[in-house]
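Peer 1: Chain B is already provided as a structure; the job is to place chain V on it using the hints.
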Amino acid sequence: MALGSADTWQHLASRLQKGVVCTDLSSRQRFALGSLLPQAVIWPANEEEVATTVELCAEGGVALVAWGAGARQRQLPPPWRYDVALVLSRLNRVVAYEPDDLTITVESGCRWDVLGGLLAPRRLWIPFDVAVPCQSTVGGVVASAAVGWERAGQLCTRDLLLGVAWVTGHGQLVHGGGRVVKNVAGYDLMRLLAGSWGTLGVLTQVTWKLLPAPQERAIGWVGSRSLVHALQLAMACQEQQPLPTSLAAVAFSPSAGVAEAWRVGVVAGYSGTPEEVRAGKAILEAKFGDACWLPEADAAADLVRHVRDFSLVGPAQPWAAGLRLSLLASDLMTCAEALATVVDKAQASVCIWPQRGTVLVRFGEQTPRTSCLRTWLWANEFAREHRGWAWPELWPERWEFESVSLPHLYLSRRVKEVLDPMGILSPGRYWRHW
Amino acid sequence: MQWAHLRESLRTVVGSEGLIEPYEARKVYECDGYTLERAVPELVVLPASTAEMCAVVRLLHRAGVPFVPRGAGTGLSGGCLPLEAPVMIGTSRMRRILEIDSLNRRVMVEAGVANLEVTRAVTEFGLHYAPDPSSQAACSIGGNIAENSGGPHTLKYGVTTNHVLGLELVLPDGEAVWLGGWVDDVPGYDLRGFVIGSEGTCGIVTRAILRLLRNPEAWQTILAVFPSVAAATSAVSAVIAAGVVPAALELMDRLIVQAVEQAYHFGFPADAGAVLIAEVDGHSAAVQAEAEAVKKLCLDAGATEIRSAATERERAELWKSRKRAFGAVGRLAPNYCTQDGVVPRTCLPEILQRIVAIAERYRLRVGNVFHAGDGNIHPILLFDERDPQEVRRVLEAGREILAACVELGGSITGEHGVGVEKIAEMPLLFTPQDLIVMQALRQVFDPEQRSNPGKMFPSPGGCVEVARPRRQVPV
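These protein sequence lines map, in sequence, to chains B and V. For what it's worth, our numbering labels the leading residue of the first sequence as 1, then goes sequentially. For what it's worth, our numbering labels the leading residue of the second sequence as 1, then goes sequentially.
Okay, chain V solo, but in the shape it has when bound:
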């Protein structure tokens, strides 16, 4: 099928409003939150329903054209970068909440619905959707499923895979299949669980049935100010070792605290070496005792100040400070690159020391804002993309940080996914045999590797070859 013919066939399916052709309009889709690599898709298609999605994918299948699925484009690993596929398929027109079953605490949504919209839609029933990535106001459920997204409250409540009961997947040949369902247990292999976190390499998720949680009866949100990151991480270890599992345990270092304070004026002490946000929730009888235990452990670890949110508004402000941290980083440098390593929680002090050493060696400024309770670090490497040498140093430093995480027994990604960013690091974590088996399983869903090609797995040429061959930052 010729390109022009394919384009017209796609237009027939989705209409002109579902086809983005002008270069300027397509340029919006050249990258996600990982901006070190860019590529403008040749065509962007936006189906408005599962039927349209199936028809679009079937046309591409017949034409032998690879495609890249895209949610809201808030990913941080280049997962929706159109590098080896000319067509991008977005879910931004699939934004309907199809059914709310408050009695059974379930909701069925289309893939393009924003994460926060789900919670807003069920708030009146005293329910919420637990995974809460920092980008939750914008990021889509489909994207969350592709990346198996987390967020601050995953410490207690788990990540996306713990809250998606069923999903509709459009396979790369255009056939739609439901995996999982409305109930907790479904017979057969857990293909639903396999697809969640597969980064669009198995097809495109179009609808999902989500589990909702009751809002906790009580909560306490605590802000502890520490003179140093080391003191704050020792408090984290003490809390976990004491048998307390807070709903969230988030840490920001001095650089980030200062940026957040300058941008939003939350009233953080200017001399804070680090702040820890801890939230405990549950039954009121237990929350008070757990909150007191957390406060005491923080003080024992050297906290110089403890604050508690007394009202829902104050709590929201505290969380706003955490979730806006990435936005505030824009004040520190023109560009930044966020890493997503994970280490065993007891290794947090060591990995943070290593990050400092790596940053010094590469002459980079690094801020840290991360899910301390999970050992999921987010070092933010600041740079100016107009300086190619600095860009190169950022890439190298990032690789060293991830290698250090693996060396300490951790992982290269806790919630952002592999995408294109961490392909070269996959062999650090998995043996060649592991990767062969994973890619063989991918072919069950996508025998011709047309759905999101070039993501997640190193090419047979070896990791050095695939390390950064396609970077398109201006140099």
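Excised from the complex, chain B in its bound form:
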């Protein structure tokens, strides 16, 4: 099979159901990444078709990028080769739902908001709050190891995965984990795949651990005069139990589209039993007399949405570029103090999740490239000096994870070679050369 030739797509189409392979321009344009257009878009209907597609692509050296709903595609730079968009939206079935066992297995193309709607009647949930849930799929959330601000200090995607089914770069369907809440048989492939951005395989099924949804939830806002002051307030929220279940110190730039009243301050959420929420609200009101509680259905919900979606960058968001720092809580204040001057000059917005030690910096279209670059250089140095990590998100240039040690880099490369020997899965997107 000649790489990317018309024969390639005809051969693929003959092995898959009718209408699964599209090569028309309008279909391809929908899945552009940067300046790259795929030569074909493939919509497999089941995991066997995913396996067949990947196997044939591997045989022909055809590079593919797995797509969910696309919300996170622009977090990474485009691949250096992009022949096929493998769109998983038709893999959207619920495979097994056991509410009494608190587990659910769904196909990877299942949309996050649909999944949430399915769990709600039994008062269950997957306890984190991913950005743009209606534009996110289960596969995308796992591939990006998404973390939401809700329960950021306690749980993340990797902690809630019980099992996965996925197709390797050879086109082989493989399983890891299982459908029970405790299981140490075999290697933990779930953790390896989570956050690998589709470079190690194409996810087809995911089994989640569920938790009872909180009976009540309240989100409070305390306005502040600066990012540093907002972080001080946020830290103060953590001194007493119950701890907030979601907590963010935010400083939006004037161009971020956030109402002036909500530009700088602390957003603190309490969820759980009515007793816990009542106690949490009492803490916030005692500490900050001017705390206000956000009703879910008015303009304030817009603020919560901004905080929730802050982690995403890309054309659908108001941010053109961004970077992330992961730090120890004790270093956040120093970081915020340093950032206060940097971000003013760069007209950046900042969101800090103190419970996870996460600092998100976002730049708008108007931010000069030199300011972005200067901020990145500063962040990288700061993180290195403070036992943390910094990495860019949606950066104009490709990057390498310079902070990762050489042995780690070598092992990672070997893992990639084992699972994707032809280098066809999102080549160059996560690692510069492979």
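Check each hint, because a few of them may be wrong.
FRET-style restraints, in silico, Cβ to Cβ [stated by the list, open to error]:
#1 D302(B) with V356(V): 40 to 46 Å
#2 D300(V) with R30(B): 53 to 59 Å
#3 S330(B) with R331(V): 49 to 55 Å
#4 A45(B) with T304(V): 52 to 58 Å
#5 V95(B) with E317(V): 22 to 28 Å
#6 G126(V) with N92(B): 42 to 48 Å
Chain V residues, not near chain B, derived (Cβ > 10 Å throughout) [stated by the list, open to error]:
#7 A4
#8 Y23
#9 S49
#10 V65
#11 A121
#12 P187
#13 G188
#14 V244
#15 L255
#16 Q258
#17 Q262
#18 A309
#19 P344
#20 A359
#21 H416
#22 F445
The set of hints was computed from the structure by calculation and includes no laboratory data. Note that beta-carbon positions come from the ideal geometry of N, C-alpha and C, so glycine has one too.
Peer 2: Relative to chain B, chain V alone:
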């Protein structure tokens, strides 16, 4: 390199105190808590630092000698059995707590530090290390990482992998690499997560950075007495279905309760069919309500008596009764074999019925003490290893129990690991393709398969061949 030369080279690295040579001294290392198979290592090496560990492993690598890592030897699946490797490398001299960062709730420890020592070291800061296996007074952090250990409180707080942020791994060629770090999020593939639970097949963990949790503001520990195991398991299902997630939900059946009572006199009713220990913790405002809900659900399910621990001392006593259950089993039979299957929680009544039927068919006595909230069962098969027929029946019954767990949608191990014990059962859970991919990934870390060979994966010869070829119990 000749054996004698290798031995002297190792002595140069670790000194005479780090080398165990006499047969009697090596015999201590012939098995872990899984005693059905035994093998005495030809040499035991105990490095005292990462540098020594690297040097030891490098020497073995150059000599082409496989090795078996060992923590405290409390494992229950034969994970540190020296079957296909002559040299055992222990971490018992690496017992330093290197750094406590109470502000950020982190601690860095060497691999040989006992699990409970970590919590003891940070108690003054109001912190604790959450994974709490029953053997926590003895088991090491390195061993916990190798097996991805759990414990009663993993129901709410998760297993080892949820609490290890970073680890230092000495690869089988002697190079040390840090995976993960001090902070929550680290760029790159999660190799740390892959290594945790790899049972020493990727190398030896020498240091780890652990996440600590604040002690809960309030707790309530409840003991519910039931007339039968069936009633107790229905209470478990009711609690989970009601949306309450206790910190722990542990069940002991009549045989175990009687053994514990005879050994330690905790005051359990002699006629109890089963007891359930439930603990709820968190903010004081919520704990009271949750505890009342658990009590009501237990009573609705047929509990005949409910007790609550009123003081920290009473709570400690209740947990002591649970954690000493395995010790008390020694009163019932000369030997026992603990299984570690997992089933969906709603299948607990069915698996327990099947265990009873299997035990009857194989003419064995079986006690049950398990993490009911997780569906993680620990049937304890009692036997006398001097009776080879009985040993054979124990092995067969164990296999049937694990097969039943898989049939019900569960797993062959929830926290003890595969080791040598459950190798034959891996194909029940995974396809040949799954196993091939896992073994290919193992070769990323250990291309020559010299670190803990013969564990976790069936040999190419097939599962029947590897089932029990090496058992060395006296027959």
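Peer 1: Next, verify each hint and record whether it holds.
Peer 2: Cross-check of the supplied hints:
1. Between D302(B) and V356(V) the C-beta distance comes to about 59 Å, which lies outside the given range of 40 to 46 Å.
2. Roughly 55 Å separates the CB atoms of D300(V) and R30(B), a value that falls within the hinted 53 to 59 Å.
3. For the pair S330(B) and R331(V), the beta carbons lie near 50 Å from each other, so the given range of 49 to 55 Å is met.
4. Under the hint 52 to 58 Å, the C-beta atoms of A45(B) and T304(V), about 55 Å apart, fit the expected range.
5. Distance hint for V95(B) and E317(V): a CB-CB separation of about 45 Å, inconsistent with the stated range 22 to 28 Å.
6. Restraint check, G126(V) to N92(B): a C-beta distance of roughly 46 Å satisfies the suggested window 42 to 48 Å.
7. Against the 10 Å criterion, A4(V) stays outside the reach of chain B, whose nearest CB is about 33 Å from its own CB.
8. No beta-carbon of chain B is positioned within 10 Å of the beta-carbon of Y23(V); the least distance is around 34 Å.
9. Against chain B, the non-interface label of S49(V) holds: every CB pair exceeds 10 Å, the least being about 19 Å.
10. Residue placement check: V65(V) keeps its beta carbon more than 10 Å from all beta carbons of chain B (closest about 22 Å).
11. Even its closest Cβ contact with chain B, about 19 Å, leaves A121(V) beyond 10 Å, as expected for a residue assigned away from the interface.
12. Non-interface status of P187(V) relative to chain B is broken: a Cβ of that chain comes within 10 Å, the nearest being about 5 Å off.
13. Look at G188(V): its CB is around 5 Å from the nearest CB on chain B, not clear of 10 Å, so calling it non-interface is violated.
14. Taking the minimum C-beta to C-beta distance to chain B, about 7 Å, the non-interface status of V244(V) is violated against the 10 Å cut.
15. L255(V), annotated as away from the interface, keeps every beta carbon of chain B farther than 10 Å; the closest lies near 23 Å.
16. With a cut of 10 Å on Cβ distances, Q258(V) stays outside the contact zone with chain B, its closest approach being about 27 Å.
17. Every beta carbon of chain B lies more than 10 Å from that of Q262(V), the smallest distance being close to 30 Å; the non-interface claim holds.
18. For A309(V), the condition that its CB be more than 10 Å from all CB atoms of chain B holds, with the nearest at approximately 21 Å.
19. Distance to chain B contradicts P344(V) as a non-interface residue, since its nearest Cβ pair spans about 4 Å, not more than 10 Å.
20. At the 10 Å boundary, the C-beta of A359(V) stays outside the reach of chain B, the nearest C-beta of that chain being 23 Å off.
21. For H416(V), the non-interface assignment is contradicted: its Cβ lies about 8 Å from the closest Cβ of chain B, within the 10 Å cut-off.
22. A Cβ of chain B approaches the Cβ of F445(V) within 10 Å, the least distance being about 7 Å, so the stated non-interface status is violated.
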